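Asker: Listed below are the residues making up each chain.
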Amino acid sequence: MGLGMHLTQEAELSIEQSSPSEPLLRVDNLRVSFVTRAGKIQALNDISFEMRAGETFGFVGETGCGKSQTALAVMRLTPEAGVIERGEIWFAGTNLTSNISQEFKIIQHKNNVKLKRNKTALKRLDQKINEIRGKDMSMIFQEPMTSLNPVYTVGRQLSETLLRHSVDLLVDRILARSDVTKEKLDGIINAATRGELTQQKLHEMLQNAGCEGLEDQIWFILSRKDIGVVQKNRRISSLPERKVKPLTTRFLVQLKKANGKIPILFVILNKLPIVRKSLWGVIEKEALDVSYELLSLVNMPNAESVLRQYPHELSGGMRQRVMIAMAIATRPKLVIADEPTSALDVTVQAQILELLRELKRSFNSAILFISHDIGVISEICDRVGVMYAGNLVEVARLDQLFADPKHPYTQGLLASIPKYGEKRELLQTIEGAVPNLIDPPKGCRFRTRCPRAFEKCSLGPPWLQIDKDHGVLCWLYGDSEKHVDQ
Amino acid sequence: MACCVGSTETARNMSTSEEILIQGSGLKVYFPVKTGKLFARALYVHAVDDVNFFIKKGEVVGLVGESGCGKTTLGRLILRLIKPTNGAIFLEPDRDLMKRYLQLLNDLEHNPPRDGKQDERLQETKTIEKAHSIFKFGHKEMRKYRRNTHIVFQDPNSSLDPRMLIKDIVAEPLKAHHYGSKTEIYERAAALLAACGLEAQYINRFPHELSGGQRQRVAVARALAMSPKLVILDEPTSALDVSVQAQVLNLLKKLKKEFNLSFLFISHHLIVVRYMSDRIMVMYAGQVVEDGETEEVFTNPLHPYTKALLSAVPIPDAKTKRERIILEGEVPNLIEPPRGCRFHPRCPAAFETCGWSTREVKDSFTSTLLSGRYPTLSKLPAIENEVETSDLTFQVKMSGNLPPNELAEIEKAIETEVARGNRALKAIKEIKVDGSQVSSTLTVTLHAFKTPTLTLVKDHHSVACHLYAQQEPQIMNLITSNTA
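Order-wise, the sequence lines are chains A and B. Under my numbering, think of the first position of the first sequence as 6, with each following residue one higher. Under my numbering, think of the first position of the second sequence as 215, with each following residue one higher.
Careful: at least some of the hints might be erroneous.
Here are the simulated PhoX-like cross-link-like pairs (lysine-lysine), alpha carbons at most 20 Å apart as the crow flies [to be verified]: (1) Lys487/A with Lys461/A; (2) Lys271/B with Lys471/B; (3) Lys424/A with Lys533/B; (4) Lys424/A with Lys468/B; (5) Lys521/B with Lys424/A; (6) Lys237/A with Lys242/B; (7) Lys140/A with Lys45/A; (8) Lys271/B with Lys424/A.
Examples of chain B residues toward chain A, derived with CB under 7 Å [claimed, not checked]: (9) Tyr393; (10) Ser395; (11) Leu424; (12) Ser425; (13) Asp531; (14) Leu541.
These stretches of chain B come out as covered by chain A in the derived footprint (C-beta under 8 Å, 3 or more residues) [to be verified]: (15) 481–487; (16) 517–530; (17) 599–605.
Since the hints were made in silico from the structure, they are not lab data. These numbers were taken from a predicted model, which means no experiment stands behind them. The C-beta atom is built at its ideal place from N, Cα and C for all residues, glycine as well.
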């Protein structure tokens with residue numbers, strides 16, 4: 006689809022830049038702790054994993070195993086009581102954890118643990134990370150009702166993301182429209198009527214004409230299903246008619262030069278309400294147009310009227326579509342989906358999963374997919390990480406995980422789900438309950454429930470790479486150099 | 215039955231020899247909607263609309279459907295936590311009496327004989343209901359009934375009193391029903407908790423000290439306190455983790471065998487329902503659309519909704535990748551549910567008589583004319599307005615004369631639209647033109663529609679869909695042949 010075009014190329018570029026040794030996301034020995042009155046909780050214990058560009062990686066595990074905390078740590082959104090104690094997070098060549106030693110201090114006073122956060126360091130972190138968060142990586146939350154703002158319309162919330170992160174894109178679109186003439190578009194219309202126009206060809210044609218900013222707009226019109234050829238052609242040829250005033254054009258050109266900062270000449274002008282309407286208002290209008298295109302892209306019924314509606318007027322599935330549209334608005338390299346379908350019904354869940362798959366195909370974004378439902382994970386993921394009590398216990402390709410689970414917890418987890426179409430007298434269960442993370446078992450955290458536990462398990466288990474894609478944190482399969490300890 | 219897993223054949227024989235434990239017929243629950251206007255037309259949410267069901271002794275019936283389809287309302291109705299707008303529920307009904315009652319209902323509603331005795335029939339049904347329906351029970355009878363039914367709720371965190379000890383929580387129903395002396399009551403409570411797999415050390419603790427799985431065990435123990443015949447399990451494992459869910463499911467199976475219980479297992483988690491139940495009922499928008507033995511329904515679903523629902527279940531397996539039916543649109547608004555079959559606006563197999571309304575057809579019709587997809591329709595005069603003239607007809611007024619042959623072109627366009635998948639246009643029966651020089655009117659007539667009712671299609675398998683309706687619907691037929 007139209008919006009996908011740039012991204013596909015960007016993603017390809019980023020693959021070229023970052024050789025296989027440089028993955029999109031690399032998390033090394035990440036340790037996140039929460040300081041509470043009852044003591045220090047080790048929510049994440051030495052998590053390491055990698056994600057390549059364009060792949061779907063899933064995290065599966067029970068409540069409180071740390072899957073959501075991993076995602077939040079990657080976004081640097083760890084809640085206030087928590088800190089990244091050590092470890093590194095590298096995202097697209099940037100170290101997101103370069104300053105963690107300055108961000109906090111844990112004061113241990115006899116039995117009393119206290120956390121002190123360095124506000125200036127955190128402010129600096131926010132400034133740095135705000136350029137990445139929401140632009141290069143974005144997040145879809147579990148409960149769309151609580152993550153959408155109830156007092157703003159859907160259109161306003163969607164365009165807010167665009168206005169914050171993609172002003173240059175919006176400016177490009179407006180300027181491209183005023184540059185192009187009807188004659189230049191005739192060739193495209195002719196090709197479209199003959200049905201010869203592919204996305205690649207459109208890209209080339211517009212590049213030759215020197216107006217790439219039109220690509221998304223034209224491709225969106227062409228991919229619409231609700232109007233016929235005659236109307237499509239009429240809409241394409243009417244694009245150049247939507248011109249802006251000369252002053253606004255000058256403003257936009259300068260804005261583009263200044264990388265989205267309002268040029269000094271216009272700072273005062275932009276504060277006058279009437280002038281602002283014709284300057285900044287044009288961009289806001291364009292953001293709404295893009296929002297409309299985004300909503301249509303996520304198959305929203307009646308996208309145009311939904312723009313003017315408030316979140317409470319939408320159903321659960323529609324709200325989640327808005328969340329997805331918002332997450333892909335800036336064409337991020339990484340989308341983190343934290344239980345995006347858990348609040349939805351099965352049939353709606355199937356719709357949303359289908360949509361995510363479709364978007365992944367056209368956008369080539371990497372997806373970090375978090376779910377407690379291993380069925381959903383198996384629908385969408387390429388590789389899976391299994392988490393237990395703050396440890397990443399196994400990482401494998403999806404087929405490997407089902408065919409040959411190595412860690413006793415993974416084996417127990419898979420056996421405790423009723424098999425589809427197979428009636429068994431009793432289900433296999435994992436005895437006991439998840440340990441308390443304030444005082445977890447020494448060594449392997451699963452050993453108190455593990456049916457195959459032996460003496461060695463009270464030592465920190467080794468991370469064993471069985472083959473290229475398959476790794477496990479367990480003593481059963483031998484020893485290795487890397488140990489995860491308390 | 216759940217205990218004989220191997221063959222469905224033995225299961226069928228066993229369950230058919232048993233009697234009906236509870237039976238409901240013609241159940242309707244309409245919740246009034248507050249409009250805030252004094253003289254506005256009263257609006258109702260049709261939460262449960264004409265549902266017939268039965269549960270046999272020792273049977274586990276799964277009730278599945280999307281949120282808001284009326285599963286929980288039906289469960290609460292059985293417990294008489296809410297009163298129905300219409301309908302009756304009978305506990306352990308007398309077989310001959312039920313036969314008579316269903317015959318009467320059948321004669322009253324579905325195929326009334328023309329003998330002028332309808333009033334007498336109505337009187338007789340009312341007498342039967344008054345004597346036996348649980349909704350007409352007095353206080354004493356109701357107390358007795360309450361012993362026989364109990365419920366386990368979804369979230370154990372909110373269904374257990376945080377200020378009561380575990381033993382007191384389980385003893386509560388025993389005290390309420392005057393089970394015996396204090397020692398007897400606490401002995402029974404301890405025994406129940408032990409049977410539910412909760413160790414003795416926990417009985418003097420508070421709910422917050424237990425894990426989610428243990429709390430749900432307490433809720434199950436409480437439900438079994440007065441040894442009820444029917445336990446309603448309303449999403450008992452949805453709030454639990456997978457490994458704990460397996461523990462609770464195993465416990466439920468064990469208890470069912472031990473105490474000879476019947477379950478109504480309400481859940482949206484289809485894999486769990488398939489594992490637990492002998493028979494399942496599929497609900498959609500307040501109506502039961504399919505009812506049959508679990509394996510039969512899962513391997514050979516009949517209703518298009520069931521097919522879509524089953525295909526949407528994510529299967530935890532890397533190899534099985536199935537053909538998936540993705541439904542369009544949303545669950546309908548139950549204040550004004552679609553007429554005819556409630557599933558027709560989303561149904562991939564919908565056809566003429568499924569209940570298309572003039573509004574649905576009118577919108578697709580005019581958008582077809584105006585879409586610009588059909589160049590031959592570009593000579594059409596401008597549309598002035600559209601009016602719905604009756605339930606089955608609407609008129610489209612145009613300013614200007616309709617060129618000759620244009621009607622044929624419109625019909626051709628509609629055919630192409632139908633082939634493209636615009637199902638609403640299938641309902642068009644005929645189009646008439648009334649025209650002069652200055653204006654012309656298209657009168658569009660739709661096919662008459664029928665409302666599908668649950669009809670027995672195979673042994674132990676009934677469905678409410680026109681695709682399978684060869685025989686006349688009969689509620690009696692449905693229930694009696696299932697119990698043989």
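Asker: Look at each hint and say if it fits the structure.
Answerer: Here is how each hint holds up against the structure:
Only pairs whose Cα atoms come within 20 Å are accepted, and Lys487/A paired with Lys461/A is accepted, the gap being roughly 15 Å. Distance hint between Lys271/B and Lys471/B is fulfilled; the C-alpha atoms sit about 12 Å from each other, no more than 20 Å. A hinted pair counts as satisfied when its Cα atoms are at most 20 Å apart, and Lys424/A with Lys533/B qualifies at roughly 13 Å. A distance of roughly 19 Å separates the Cα atoms of Lys424/A and Lys468/B; the hinted pair therefore holds under the 20 Å criterion.
Distance hint between Lys521/B and Lys424/A is fulfilled; the C-alpha atoms sit about 19 Å from each other, no more than 20 Å. Proposed proximity of Lys237/A and Lys242/B is contradicted: the alpha carbons are some 49 Å apart, above 20 Å. For the hint pairing Lys140/A with Lys45/A, the CA-to-CA distance comes to about 33 Å; that exceeds 20 Å, so the pair is violated. At roughly 27 Å between alpha-carbon atoms, Lys271/B and Lys424/A are farther apart than 20 Å, so this suggested pair is violated.
Against a cut-off of 7 Å between C-beta atoms, the interface hint on Tyr393/B is violated, since the closest Cβ of chain A lies about 31 Å away. Taking 7 Å as the C-beta contact cut-off toward chain A, the hint placing Ser395/B at the interface is violated, the least distance being around 35 Å. The interface hint given for Leu424/B is violated, since its Cβ lies 9 Å from the closest Cβ of chain A, which is over the 7 Å cut-off. Residue-level restraint check for Ser425/B holds (minimum Cβ-Cβ distance to chain A is 4 Å; threshold 7 Å).
For the restraint placing Asp531/B at the interface with chain A, the shortest Cβ-Cβ distance is roughly 6 Å, inside the 7 Å limit, so the hint holds. Given the 7 Å rule on beta carbons, the hint for Leu541/B holds: about 5 Å separates it from the nearest Cβ of chain A. Here's how the segment 481–487 of chain B fares: 4 of its residues keep a CB closer than 8 Å to some CB of chain A, so the rule of at least three is met and the hint holds. Taking a C-beta to C-beta cut-off of 8 Å, the segment 517–530 of chain B contributes 8 residues in contact with chain A, enough for the three needed, and the coverage statement holds.
Residue count for the segment 599–605 of chain B with a Cβ under 8 Å from a Cβ of chain A: 0. That is fewer than the three needed, and the coverage hint is violated.
In terms of the numbered hints stated before, the structure departs from hints 6, 7, 8, 9, 10, 11, 17, listed from lowest to highest.
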